[in-house]
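Read top to bottom, the protein sequences are chains A and B. Final position of the first sequence in my numbering is 364; the numbers increase by one with none missing. Final position of the second sequence in my numbering is 1455; the numbers increase by one with none missing.
Simulated from the structure, these hints should not be mistaken for lab results. Predicted, not measured: the structure shown is a model, and the values here were computed from it. The beta-carbon is built from N, C-alpha and C at its ideal position, and this holds for glycine as well. Nothing false has been slipped in among the hints.
What the simulated footprint calls covered on chain B by chain A, stretch by stretch (three residues with Cβ under 8 Å from a Cβ of chain A suffice, anywhere in the stretch; the number is not a length):
hint, region
1, 1020-1031
2, 1035-1048
3, 1211-1220
So the derived list for chain B, only partly shown, Cβ under 8 Å to chain A, looks like this:
hint, residue
4, Q1051
5, R1054
6, K1055
7, I1078
Next come the chains, spelled out residue by residue.
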Amino acid sequence: MKLQVTQENLSRALNTVARIATTRGTLPILSNVLLKVIDNRLSISATNLDIAMTNFIGSKVSKEGAITVPARLMQDFVSSLPSDIISLELDNNKLKISSGKYQSVINGISAEDFPIMPAITEGKNWVIPAPILKKGLQQVIIAASSDEARPVLTGVYLHTFNNSLYAVATDSYRLAEKNLINTKETIDLLIPCSAMQDLLRIIGDFDGDIEVTSDDQQVLFRVGEIELITRLIEGKYPDYRKLIPEKFAVTATLPHSELLNITKVSSLFARESAGSITINVDDKDQQINIHSIASQLGENTAAAEAKVTGDGNITLNSRYLLDALHIIGSENVSLSFNGKLEPSVLRESGKTTDYTHIIMPLKS
Amino acid sequence: MQDSLWQAVLGEIELTVSRGSFVTWFKNTRLLRHKDNILVIGVQNVFVKQQLERKYNQLIADTLKKNGAEPERIEYKIYSGATLHKKTDDDPIVLESAQSGARTANRPSPTTLTHTYRQGLNERYTFENFVVGSGNELAYAACQAIASNPGTKYNPLFVYGGVGIGKTHLIQAVGNAIASNNPGAHVVYISTEQFVQEFLDAIRYKKNTDFAGYYRSADVLIVDDVQIIAGKEKTQEEFFHTFNALHQANKQIIISSDRPPKDIPTLEERLRSRFAWGMSIDMQTPDFETRCAIVQTKAHAHSIDLPQPVVEFLANLIQTNIRELEGALNQLLAFCEMRELDPDISIAIGLLGSAKNRPKHINPKQIVERTAKYFHIPLDEIVGPKRDKDIVVPRQIAMHILRSELHLSFPKIARELGRKDHTTAIHSVEKIDKEMALDADIRLAISEIRAHLYA
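Required output: the full structure, derived from the provided sequences and hints.
Right under this line is the structure:
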């Protein structure tokens, strides 16, 4: 293996990929990255056996070959080099790296020992614009569960319904659903939330199309020169649609910033009661107010004007409400609910109504 | 039969590949089918599948051949049972709200979209299959009282005792009983090690509020092996706050440990006093009759009726650790099942060795040294003439261990500790036997020295 690359390209690729390499596993080689030259391109890969990531970078290749080297060392070394051309040369499992006056040799482990990177030979292909997927994932990921006892809830469920692609996540106390794009495909993927977080990191400011390929066990996302492949979670996602109420007895619509503000204020008094705040919606006064009590500290009532239909109150966890408000981007929001123990629904109000966030009430 | 083929293959492969590779690629595989010259191997994920298919296929085929199986084709299939997670296909999402009316909760409980929470509990551990004997009847009674009235009686409950005498079984049984009596209750069982790990992750990923909120929303918190928390200051602090939040709200807390709170080193004083606040119960080594009952119960669980001599033999063979007792029983049952024999006393003796089977790698000198080291006294003093109390007790303990572990004769024991008269040894062993029943410190010392010996 012999090639030349720019420091910027190599460093960026290593920074993207090396974080996947893990030092905690049972297999020491998983803390290495695989450098491989084929078809005049350098590919850098790492895997933790749940996901695998490969970044291709353009380079001037003189000889093909492959080697694995410790990810952290390689990443730290290359990022400290000056921005210049870097030459890589492989000699008997030793990788010589030279750039200007810097010379180093890293002892590698043969690429033969590296796990075979998964590939999807036959599968379904579709594309989605990166900004749409990014926004959608950011808005649902927060609701996913981290409780491994119910694996299906630790995933983001990407699926089609009535010719639309949806992303959904829930931890059983709250649920977020985003309508992403219209499509004629049939898609049904339950993807580990951690892989989606890695995907978000890769997407960054990329604004092209993301290519997605999947079979029934794994899914591959191609973001420009970077490929991310992850296993799918086995199991059937709960039939969540029947949980979203169709009609509401009470709805309040108000500017996003006002609801956020009164929720924030009330949450200060809700710390010792598990974040419990009571929301009152008043039809007569066209007003929404939030009440919270801290037995030692005092209590608080904050109100805001709103467009209201129906009277009622509900007790929610202020943290869940704040989380939801932080990821809603619209100018106005609407909060709707029925009974005290039935789900409450937060929606963006205005032209776009493609985001639904359900929060289960607290029982006081 | 199919499994034994695959076991043999795995056994051989384990010797040829590195340990890391074996654990990563082979350990959780299973033989799913072996029929019509096609062999199907179950693997836990696609990474393993590809690795076995492309890299280890030849090795597997060769090893199979050596073991007398020559399939035309080997297939690899992803097999969900290979993972630890139970299947959740039929887990419907339903609206359920936590019950809080019955108990005096002054905090609102979360309602959930899903089914009852029984986080971390193993449903195998129930009161029904717990064998009650003299050593654990107090603990059992307290746990039953808690199960019917969580949060009001004995809060917190602190259960301590040696390795493998059923602490985990008992505290999980409480959790299971509460979860089935109150279908909305949020019962959380966690080992302290897991708690520490999650706390570290919470700090690392800055999700501290999630972490705290999760534990503080529990209706019943069960913490196993709490002695591990010793020396971990930040974790202790977090645990302290969790403890307070739950105790304030009258939520039940159950804690287990291998020693009483006062003996856990570097435990913060405020935690120590809180642990001892409700009720501390010492679980003791089961007596002979209880051990017999345990063997019978476990055998019945496998629908096998063991003859009384075999039961007594097993109960005599392993006296302190129920887990080992169960292991010995399983070994016997597996052996008999494979050979299609009825278990009897001669098979048991042949397989498990005589009751006086002394461990070969331990010699009397090591025991004396270990004991001296444990009590921080020089070796020449423990075998010397001094008769100060702080030397006599360790000396007697050393004699007791020599007797119980190596079954040495009394004159020999006396010689090992530089005594002339064997009656000294007899007296010492009897004295420690008596004191063990009364004094937790001595029990702890003996179990720790023993643990060091076999470590």
